[in-house]
Amino acid sequence: MRLMQIEGSRMLGVATRFMRRADLSEDAVQETFVMIWRRAGQFDPSRGTAKGWIYTILRNRCLTMLRQEQRDIATAPEVIDQSLDDHVLQTAWDRLDTASDLRKCLEALDEGTRHAILSSYVLGLSHGEIAGRMSAPLGSVKSWLRRGLSKLRECMS
Amino acid sequence: MTKRSLPELIDDVVVGLASEEDIARLETLAAENPDIAFAIARARQRFLALDETADELPLPEGFWERLNAKLDDRTEVPNDDTPGNVVDMAAMRGKLRRWRLSALSSIAASVALVAVLGWSTLSRQDVAVIAVLLNDQGEAVALVEAMEDNTTRVTLLEQAEVPSEMVMQVWTKPEDTGPPVSLGLLESGTSRTLTVDGLPTPHLLQLYEITTEPAGGSPTNLPTGPILGKGLAKVPVI
Chain E
14 MRLMQIEGSR
24 MLGVATRFMR
34 RADLSEDAVQ
44 ETFVMIWRRA
54 GQFDPSRGTA
64 KGWIYTILRN
74 RCLTMLRQEQ
84 RDIATAPEVI
94 DQSLDDHVLQ
104 TAWDRLDTAS
114 DLRKCLEALD
124 EGTRHAILSS
134 YVLGLSHGEI
144 AGRMSAPLGS
154 VKSWLRRGLS
164 KLRECMS
Chain R
26 MTKRSLPELI
36 DDVVVGLASE
46 EDIARLETLA
56 AENPDIAFAI
66 ARARQRFLAL
76 DETADELPLP
86 EGFWERLNAK
96 LDDRTEVPND
106 DTPGNVVDMA
116 AMRGKLRRWR
126 LSALSSIAAS
136 VALVAVLGWS
146 TLSRQDVAVI
156 AVLLNDQGEA
166 VALVEAMEDN
176 TTRVTLLEQA
186 EVPSEMVMQV
196 WTKPEDTGPP
206 VSLGLLESGT
216 SRTLTVDGLP
226 TPHLLQLYEI
236 TTEPAGGSPT
246 NLPTGPILGK
256 GLAKVPVI
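Heads up: the protein sequence lines correspond to chains E and R, in order.
Straight run, no breaks: the first sequence in the numbering used here ends on number 170.
Straight run, no breaks: the second sequence in the numbering used here ends on number 263.
Simulated from the structure, these hints should not be mistaken for lab results.
One should not assume that every hint holds.
[Unchecked claim] The list that follows gives simulated cross-link-like pairs (lysine-lysine, DSS-like), each with its CA atoms no further than 25 Å apart: (1) R:K255 x R:K198; (2) R:K28 x E:K155; (3) E:K64 x R:K28; (4) E:K117 x E:K155; (5) E:K117 x E:K164; (6) R:K198 x R:K259; (7) R:K28 x E:K164; (8) E:K64 x E:K117.
Pulled out of the complex, with its shape left as it was, chain R reads as follows (with noise of 0.2 Å):
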């Protein structure tokens, strides 16, 4: 193996050159040492323009079917790869796999897959908690994760009939006696990040819900049209 810098170490490894030993040399360093891993991102950061040059490939048909197989598969298996200092999914991963049961079969896979997409960008330590949020039926049709700070992800796993004139307004009740306080529009129909000042931190069981109001949200900003989903929060086990 040649001498090489740590840089240089880098370069190769993300830009695909280095071998599966020099990887795995620089995960364990990169682990270990947060300055490195922030470097990594770095180069990785600075390559990530040549990825979106790439076709937009339609995937072929029945591929969510056959990845929801395979993490149905995955999901009773022990992580036995996983270092000892991260938190255990295994709990969390057995959730969703009943909210995925429990979905429409069709879109079961995107369901779980944003789900897991949505939690990537979130690191898990930080969220303080997280209510599923049911329809009259009881089905689940958002997930809401709250951080301390009360940054708020809506992750919706249906995709909601909202008149054009109307929108989805998601609301909380910080203290359980008190009135309902809007964590903000979902103006686009589609799940997103709310930032709200001024609250105090998520607690168990704290109500969460998602009604349809007017265009620019509740006009006597309360609750006033349909609920779409709601539910009560839970503590993660991490």
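Bound-form chain E, shown alone (with noise of 0.2 Å):
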């Protein structure tokens, strides 16, 4: 039951820095545990760990709700509160263990590399957006981001 608890505030925080609004990330959390229950059965141990596993279906389910929000309320990118998410970001980076891979080869990309990646692992934005945010080409960020995702996983293999 702590257990449960623990994981579930942790996984309430990743829909947060998702969803931004509490209504919402609580129902990504409890859609998230009803998928969980229903799919216990497909969790094969073998193919990756258990938080692994929670945390993706999680994760989908955000990305999921929040790109059927976008389509169903035209929030302009300016509503959003470009300084808090930054701020979200910064706290991400600078709570990741210094002493993990992640950490140690996202600090061989440059800047512009990592908060890229950093806001579509974290914020779940999209190409576009991030290309909005960064005010960059979004050929630029795709690339960017393609041969970012290419050296972090060279490094960390």
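With the hints as a guide, bring both chains together as one complex.
Right, dumping it as structure tokens:
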């Protein structure tokens, strides 16, 4: 029970970084628990950790909800408080274990590429949104991300 | 759609840059090819440290109750999106639902979730027997899942009140007419997986029980303390 409380709290934290709204974040976590329940038989421990499996379900659920929201409500990009997002990204970066491979490999990337990757993973931003935030051409952002992810893969293998 | 290599597609899906179509395509590939499934899991693991940087936010009041209601709703719905090669858990869920209802309502939702998460770390197909341990009032106090090699997951369904100088000890009777054998201690008073060598494969109606013993375990290597819960194993229908 304590484990679930802690994991549930962390899941709510991850969902809030994506959804930005408390009601939507709770929905995402609840839907995730329902999916975990329904799909428990599909989990195969030989293919990864339970934690990885759970967070994948959560992240996918958040992304689906985000994309749905964007279709339903045409939220202008300027409505979103960008400074808040920048703060979230900075906090994530500061908290990322300095001894971890991910941290070391991300540090080896140039700042723009690192920012683009973190914006996608932590905030769930799309290529287009990242390009808008960084005031950079979409094609350039796509190629930064592709090259950056490839370097990360190499660095962490 | 841009032509991407498989590793690029995997990264895009894991990082969150892929379209829903791409995610579905990769899931299909992974279902057919274990190497791809493994590569996805490895990629996920690479980024997991970032999820751990999120705040731990207090769950809103009524969270578990609302979830419990949702789980009850869905329990009756046929699992129509489950591929044919996946074990049908409907029967299990039905049983769990009954256990859930038999538990105190305030902890009902968390009991169900602990059980689900407990399950999620062992593959269904590997579980040889399952026993629900009941106390002397007939309430479910623990769920025992034993694999063929006697790796045994014990999920407590209630917080047991064990004095500080005592410890919970888990027992089984591999032979119905033989003595109980210790599977191990629940020293932290929480659910855990126990391993023990040299026992025969668990069988239908094998006895499992948890007793309270002096710190360090029973001095006689046989149960001496009060029984917190006991139950006979059933073979899951999978």
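Hint by hint, here is what the structure shows:
| no. | hint | verdict |
| --- | --- | --- |
| 1 | R:K255 x R:K198 | holds (11 Å) |
| 2 | R:K28 x E:K155 | holds (13 Å) |
| 3 | E:K64 x R:K28 | violated (31 Å) |
| 4 | E:K117 x E:K155 | holds (22 Å) |
| 5 | E:K117 x E:K164 | holds (12 Å) |
| 6 | R:K198 x R:K259 | holds (14 Å) |
| 7 | R:K28 x E:K164 | holds (19 Å) |
| 8 | E:K64 x E:K117 | holds (22 Å) |
Violated hints amount to a single one, hint 3; each of the other numbered hints is respected by the structure.
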